[in-house]
Each structure stands twice: as structure tokens, then as C-alpha cells.
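Enquirer: Guided by the hints, dock chain B onto chain A, whose structure is given.
Taken in order, these protein sequences are the chains called A and B. Numbering-wise (my numbering), the first sequence opens with residue 36 and increments by one. Numbering-wise (my numbering), the second sequence opens with residue 102 and increments by one.
Don't read these hints as lab results, they were simulated from the structure. Check each hint, because a few of them may be wrong.
The calculated lysine-lysine pairs, modelled on PhoX-like cross-linking and capped at a C-alpha distance of 20 Å, are [claimed, not checked]:
{"#": "1", "chain 1": "A", "residue 1": "LYS76", "chain 2": "B", "residue 2": "LYS420"}
{"#": "2", "chain 1": "A", "residue 1": "LYS168", "chain 2": "B", "residue 2": "LYS161"}
{"#": "3", "chain 1": "B", "residue 1": "LYS507", "chain 2": "A", "residue 2": "LYS175"}
{"#": "4", "chain 1": "A", "residue 1": "LYS103", "chain 2": "B", "residue 2": "LYS161"}
{"#": "5", "chain 1": "A", "residue 1": "LYS85", "chain 2": "B", "residue 2": "LYS401"}
{"#": "6", "chain 1": "A", "residue 1": "LYS97", "chain 2": "B", "residue 2": "LYS170"}
{"#": "7", "chain 1": "B", "residue 1": "LYS507", "chain 2": "B", "residue 2": "LYS288"}
{"#": "8", "chain 1": "B", "residue 1": "LYS212", "chain 2": "A", "residue 2": "LYS168"}
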Amino acid sequence: MSIRQPFRKLGKLAFNVGMAIFSFACVFPIIWIIYSSLKTKDEFMLNAVKLPAHPEFRNYYKAFVEGKMAHYFISSGLNSVIAVVVVVFLSFCAAYALSRFRFRFRNAIYTFFIAGMLIPVYGLLVPLFLQFKQFGLYDKFYTLIIPYIAIRLPLPIFLLESYIRSVPVELDEAAHMDGASKFYSMTRILFPICRPAIATIVILVFLDTWNEFPFSLVLVTNEAFKTLPVGLTNFYGQYTSDYTTLMAAMVLSILPVLAVYLAFYKYIIQGMTAGAVKG
Amino acid sequence: MKANRVKMTGLSVALAVGMSVLAGCGGDNNNSNNTAPSNSANPEVNASSEPSASAQEPVKVTFMNMWPKDSTENIATTVRAELAKFQADHPNIIVEEESIGDQNAYYTKLKTLAASNELPDIFISKGSELAMFAKNETVAPLDDLLSADADWKNGFLPSSFNDLSSGGHTYGVPFSMLATSVIYYNKQFFADAGFSSFPQTWAELETAIAKIKENGITPIALGNKEQWVAESCILSALGDRFTGTDWFTSINDKSGAKFTDADFVNSLEAFQSLAKQGAFNKDMNSINNDQQKTLYFNGKAAMFMEGSWAIGSVMAAPKEIADNTEVAVLPSVEGGKGNAMATSGGAGSGYAVGVKGYGEKKDAIAKVLKALSGEGFAKSMAEKGEPVAFTVTDYDKSNVSPLAVKYAELSSQLQFTPIYDSYLNPALVSVMNAGLQDLLINGVTPEALAKKIQAEYEKTN
Chain A
36 MSIRQPFRKL GKLAFNVGMA IFSFACVFPI IWIIYSSLKT KDEFMLNAVK
86 LPAHPEFRNY YKAFVEGKMA HYFISSGLNS VIAVVVVVFL SFCAAYALSR
136 FRFRFRNAIY TFFIAGMLIP VYGLLVPLFL QFKQFGLYDK FYTLIIPYIA
186 IRLPLPIFLL ESYIRSVPVE LDEAAHMDGA SKFYSMTRIL FPICRPAIAT
236 IVILVFLDTW NEFPFSLVLV TNEAFKTLPV GLTNFYGQYT SDYTTLMAAM
286 VLSILPVLAV YLAFYKYIIQ GMTAGAVKG
Chain B
102 MKANRVKMTG LSVALAVGMS VLAGCGGDNN NSNNTAPSNS ANPEVNASSE
152 PSASAQEPVK VTFMNMWPKD STENIATTVR AELAKFQADH PNIIVEEESI
202 GDQNAYYTKL KTLAASNELP DIFISKGSEL AMFAKNETVA PLDDLLSADA
252 DWKNGFLPSS FNDLSSGGHT YGVPFSMLAT SVIYYNKQFF ADAGFSSFPQ
302 TWAELETAIA KIKENGITPI ALGNKEQWVA ESCILSALGD RFTGTDWFTS
352 INDKSGAKFT DADFVNSLEA FQSLAKQGAF NKDMNSINND QQKTLYFNGK
402 AAMFMEGSWA IGSVMAAPKE IADNTEVAVL PSVEGGKGNA MATSGGAGSG
452 YAVGVKGYGE KKDAIAKVLK ALSGEGFAKS MAEKGEPVAF TVTDYDKSNV
502 SPLAVKYAEL SSQLQFTPIY DSYLNPALVS VMNAGLQDLL INGVTPEALA
552 KKIQAEYEKT N
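Next up, chain A with everything else stripped away, as it sits in the complex (with noise of 0.2 Å):
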């Protein structure tokens, strides 16, 4: 017995040497980017690895100021902000519809809303642009919007949907006793509740209208309508990038998602301990 002790511990170490590295190679390109946007064009082309030998930032006045990321970052934060406020509602209130009645079509309904999860979005792009462009939907400022909380929907359901069916009944049927109204236990009861859930779909419908590309460089033609991840292929030339000023920008780009991130983080760890009926 004695003997496995120093083993296992020998086995601990090199189980967390290896993560540790696996850790490193995840964070690193995002170190790499940091410190390589304080450098510059000519010190990035001949060692890309190095460390700037006199940071500065003026990559990043380049990239806010002359490559006008202010417009994008606009049009990005109103289309993530809307998209984010319009999908929870929209999902919470679908979600509970089907996870607490019983009516005709309900299955089908649930199908119809997780099959819009099977659809690649590059299939979507002629569709959807012959549509818009015969509806007149073109290039307008609330083109992307609609698209976008179409396309965010079914996840959130899906995960809404499961979630409120593991709160028990009962917690409703108390409310009833109570007096509560349908809506009041389900904006003041449920949806406290779900908070781990909301949170999840935040993150989640933020960050991907936060970085959507696809739609936006085919739906909209107006430089102030497009999102961030467009704007950034601006730093691109048609023979040469301008890396350095591209990183710059990245990190800009990071920065509200990382917050976004970091507001609803805790409330996921929070509803995990959660709970009113145990056991």
C-alpha cells in the first residue's frame, strides 16, 4: 500500500503537467495577440513570436479612430444587445408554453423549433438574400436583426424548454394556492429560477450575433450596418494584411463579450446551488 502512494502522486503531477500545457496552448494565441498589438508592422514581420521591444498603441488608435471600428462596434452591440433581449423573452415564453400544456401539435411545434438547429447557415445565404431583396428588406437598418433572432431561437428552446420541466410542478400548484396569476408565477417564480438557463443563452446569443459574419456581409451594403467581424476583414489587403492593426482591433473586439462573459458567469454558478424543492 505504501509503495502505490508516491506513484499516485508521481501519476497527479503528470496529469496536471499535461493539462497545464493543454491550458497554456489555449490561452497563449490570445497572450500572442495582446502583446503582439502593441508592436509593429515591421517588427511583427520579422519575428512574429517575440515580445515588442517598445510597446505602443498606436495600432489601436489606427484601428478605432482610421479603420472607424466605431461604426461597427455600434451596429454589432445595438444587433447583439436587441437579439439578446428579444430571443430570451421569445424563447422563455415558447419554452413554457410547451413545457407545462399539453395540446395538439405540441410535438410537432418542439420539432419544428429544434429543426431550425439541423440547417447550416450557408445553405440559408440565397434563400434568405432573394427573399430580402423581394421584400424590400434589403440594406436596411433592421435587416440583420430579423434574420438573427430567427436563426437564435431553437437553441434557447431547447434548452428553456428542458429546464423548466425539471422544475417541479408543484412549485406552480403552490403559487395557484396563492393566488398568483399564470403570468406572475412565471415572470416572478420561474424565471428566477431559470436564471442558471437565461444566463447560458445570453452568453450564448451574444456571442455569436457578436461575431456573426455570414449574414451581414450578404445582407446589408451599408459600411454602418455591418458587424464587427466584417469590419475587421477591412485590415485585410487583397496581397498583404495589416496584422498588427488586425490584432489591435481583435482585442477591442474581445472586450465586450469577455464582459458580457463575466456579468453572467456567476449567476450559472449560482443557479447550479439553486433550489427549492430538493431531494
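Expert: The following block gives chain B in isolation, referenced to the frame of chain A:
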């Protein structure tokens, strides 16, 4: 009520018939209305329908390109300057630009637009894509437009339309003339190896490579991770040395030549023997064309091969390297059928015109195209040291970088041969490109690769 319902049905049928019919009807209505009302109303109606009024109404010409607004590339700044000038001279034509910097994204959008026949009035396109658009009749043939202005048409270099034509029609107007295979070499390293100028024959080149390698320097920096470099920047020119251009013409017309022909196999073999000799850096399949330049800029490699577009970045390299850099093309090969003073090149891309806007806005489009490709444009490009597709004789050379002058001298003696990937179909090109990666690491013999390419070629026949 009944009469009303009939009217309603009639109206909805009329709506359903479609916009084109309605537009036609609208035109008729206007004419009949013009005669009907009293005289006092007439001048107003006339004002809105007479041609004099339509001249005041500005024509919108959409222009989609790959040059981001704040791009400092010479082509982008020149186009913008010419456009600004054009707008000042033609207040009744408004050019609406859309720029997408990333090539893949650009072509994704272009293909979506093409699939729904909504291509912009003017857009940039590669020759190979243009051939596909032409097949689907979404781009307009520009033969009439070009012949209408002989001075403009004849100003272009003779071979510059080659990449932009298919099926006997011209679909694009070239704006630049690029060589895809230029050797940028460091004369200091060659001098150290005992060569005062670039080798004139293949055997000499091999000796030079061996000596440079002995000196501890990578002879040729190659970054072929993205696969097109070996094919577009090396094989297109090397292949032509062996096979001659007639062979490729025959391949392209599908009139008999084969990829398994001895000449083409020899070119693959020569390419592989360079790799076997250790002429390239070992990580050639995992770095890209920017990184191949980095190797060269750091003085770790004696040469690299890329298109004429690399001149700008070489001039931005450390002074010691930039000053020692010379340009050359591949030497002649023994028994080769191709011209030794030639390299692969062409217009590559050009301005194309969507068929939808061409019908109604032909004149405006022609004017914009001339402004963006004609003499004024070409001259200001040449003054920045950019290779142009339009003949310009006297221009101010004072601002042109020394390497660009050297290149201009070299290219004036050169003949341009086809770039493989701007003619062959994309599926075939991807087989060839992937095969070349394999060839360079000895994963496949030249014969086997030639067979594989030929098999794909026959499939698409």
C-alpha cells in the same frame, strides 16, 4: 358589390402579373395622360418625363471592390483619387462603392449575388470566376463597349485581356498586369557562392543552390501552407519552360494535350529534385507566403519566388536586405520548349459588369470604367511603381522605388504565359495544389501525380 369584387380581383391579378408589366403599363399611362389633361398641367408632366429631366436625375452606378476605404495600397489610393476626380467632373453619375477586404468573404458575397442575378454594375473578379459568371449569363460581354472606343481598347497591352475572356467574348477590363512568378534574390548571397549574376541555365541554378546551402543559408524560402504558392508562383512558370505555351493552350481547349505528357512530368520532376536537393526550408508546408518573405527578410534565405505584388513589401524590408535584392525569372531548362524570357502572369483580375445594370446604364458604366482603367489611371499607377495593363510611355519615375524600376525593365522584355489557376477549373487546381505539397515532401512520384491530375482533368471534361 359584385362589380367591386370583380375590380378587386382584377387589381390583384394585375399585381400578381409582376413589376415588369406594371412598369410597362405605367409608361403607357403617362403618355396617354399627357394628351388628356388641360394645357396648364402639361408642362409639369413633361418636366418629369422628358429626357432633359432624366439628365438631372443622377445615375447610380454600384461598384464592388476588394479595396477597403482606409487601405494604403497603391491600387486602392489611385482608384479612390480617380473616382473623386470623376465625381467632380460627372455630377450626374454617382458611384456607390462597397468594399470587402477579405478575398474569401468577397467571393462568397459575389457568388451569392450572382446566384440571384443581382451582381453590381461594376465589380472586380478573377478570370476563372468570370468564366463561370459568363456561363450563367450574369455578366455582360464588353466587346461592344470596348470597340466603341478604339483608343481606349488599343491602349491595353495585347495579352492583358486573355485572362478575362471566355468563349470568344471579353468580360472584363484589366487594371493591372501582374507576373505571378518573379524570383527575388539577394545578390550578396549569390556573390558569396561565386555567382556575380543570376544563373542562366537550370544546371547553373542547381550548382548555385548547392553552394548557397553549403554556406549555411536556405537557398529558396517557400511558404506553401495555403497551397497556391508552389503552383501559381513556381510551377506555372517552370511548367511553361518545359512544355511551351502551346501545350497549355491545348490543355485549356481540351484539344489533345495531357498532364501525363513527358514535358509536364519533367517539370514536376525538376521541381521535386529541387526539394530533394534541400533547396527549400523544411517547414515549407506549414508556413504561408508572408512567412516565406520573413525568412528572406531575416537574411536566412537567398531567394523567394512570388508575384510582382511583393515588390512593395521587399522595399519595406530592412535596408540591408532591400538594397541587395534583385529580380529575375527562372533560367532556361535543357530541352525545354518554352521561351526563357517569359514568366507566368496576366491581368488576373479585371472590372466586370453585371448584366442587370448594363442594359439601362451602359453609358455611365462605360465612363466609370474608362476613368478607372484608362491612361490617366495607368499613368498615376505607373508613377507609384505599380505594373499596369495600359501602355504609358512617359511618366515621372522619380517616386518609383529602385526595385520597381528594375522590375519594370525586366518585365518589358518578358512574355507573359498563362497562370495555371486562373484558367483551370477550381476542382482540378485543388488536386494539383494538394499534390504539389505531397510532391515536395517526396510523398508522391512525379509520374503518379501527373496521372492523378490527368484523371481529375478527364473527369471534368
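Enquirer: Please work out if A:LYS103 and B:LYS161 have their alpha carbons no farther apart than 20 Å.
Expert: Between A:LYS103 and B:LYS161 the Cα gap is close to 25 Å, so the pair fails against 20 Å, i.e. violated.
Enquirer: Next pair to validate is A:LYS168 with B:LYS161; report whether the Cα-Cα distance is within 20 Å.
Expert: 18 Å, holds
Enquirer: Can the restraint linking A:LYS97 and B:LYS170 be considered satisfied, given a maximum Cα separation of 20 Å?
Expert: This hinted pair holds, its Cα atoms lying about 13 Å apart.
Enquirer: Holds or violated: A:LYS76 and B:LYS420, Cα atoms, limit 20 Å.
Expert: 15 Å, holds
Enquirer: Does the alpha-carbon distance linking B:LYS507 and A:LYS175 stay inside the 20 Å limit?
Expert: 50 Å, violated
Enquirer: Holds or violated: B:LYS507 and B:LYS288, Cα atoms, limit 20 Å.
Expert: 14 Å, holds
Enquirer: Take the C-alpha atoms of A:LYS85 and B:LYS401, compute the straight-line distance between them, and say whether it is at most 20 Å.
Expert: 17 Å, holds
Enquirer: Need the status of pair B:LYS212, A:LYS168: alpha-carbon distance at most 20 Å?
Expert: 15 Å, holds
In summary, the structure is inconsistent with hints 3 and 4 from the numbered list given earlier, while agreeing with the others.
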